[in-house]
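Asks: Our numbering runs 228 ahead of the 1-based position in the sequence shown.
A couple of the hints might just be wrong.
[What the hints assert, rightly or not] With a cut-off of at most 35 Å between alpha-carbon atoms, the simulated DSBU-like pairs for lysine-lysine come out as follows: (1) Lys302 to Lys318; (2) Lys283 to Lys270; (3) Lys251 to Lys270; (4) Lys283 to Lys318; (5) Lys302 to Lys283; (6) Lys318 to Lys292; (7) Lys292 to Lys270; (8) Lys246 to Lys283; (9) Lys270 to Lys302; (10) Lys302 to Lys292; (11) Lys270 to Lys318.
Hints were generated in silico from the structure; no laboratory data involved.
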Amino acid sequence: MNNNLMAVVSNDFLEQLKGTLEKVERCLKEETKDSPMWMWVKSEDARQMFGVSRKTWQTWRDRKYIPYSQFGQKIYFHLDDLNSFMVEHKIQTN
Numbered sequence: 229m230n231n232n233l234m235a236v237v238s239n240d241f242l243e244q245l246k247g248t249l250e251k252v253e254r255c256l257k258e259e260t261k262d263s264p265m266w267m268w269v270k271s272e273d274a275r276q277m278f279g280v281s282r283k284t285w286q287t288w289r290d291r292k293y294i295p296y297s298q299f300g301q302k303i304y305f306h307l308d309d310l311n312s313f314m315v316e317h318k319i320q321t322n
């Protein structure tokens, strides 16, 4: 038995549906942007953001250059701490 259903809808309906879905997407992004969990990134993702080797990243962690949280084997960095590290190491140009 085939359960596929086909419906014919107007372009106006599709455009309205698309607009509604875009509004929902914007609302969800707005609601989650300040979510506490959104502000934390996995260690490997943070390392890739900085574009450094695993050895360098481990050295930075060992020297406590950037604060982090650890739960078992999982290590997370807060985006504010990563941003602060970047600002602290900013080189001013003339």
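Asks: Hints broken by the structure, by number, lowest first?
Replies: 8
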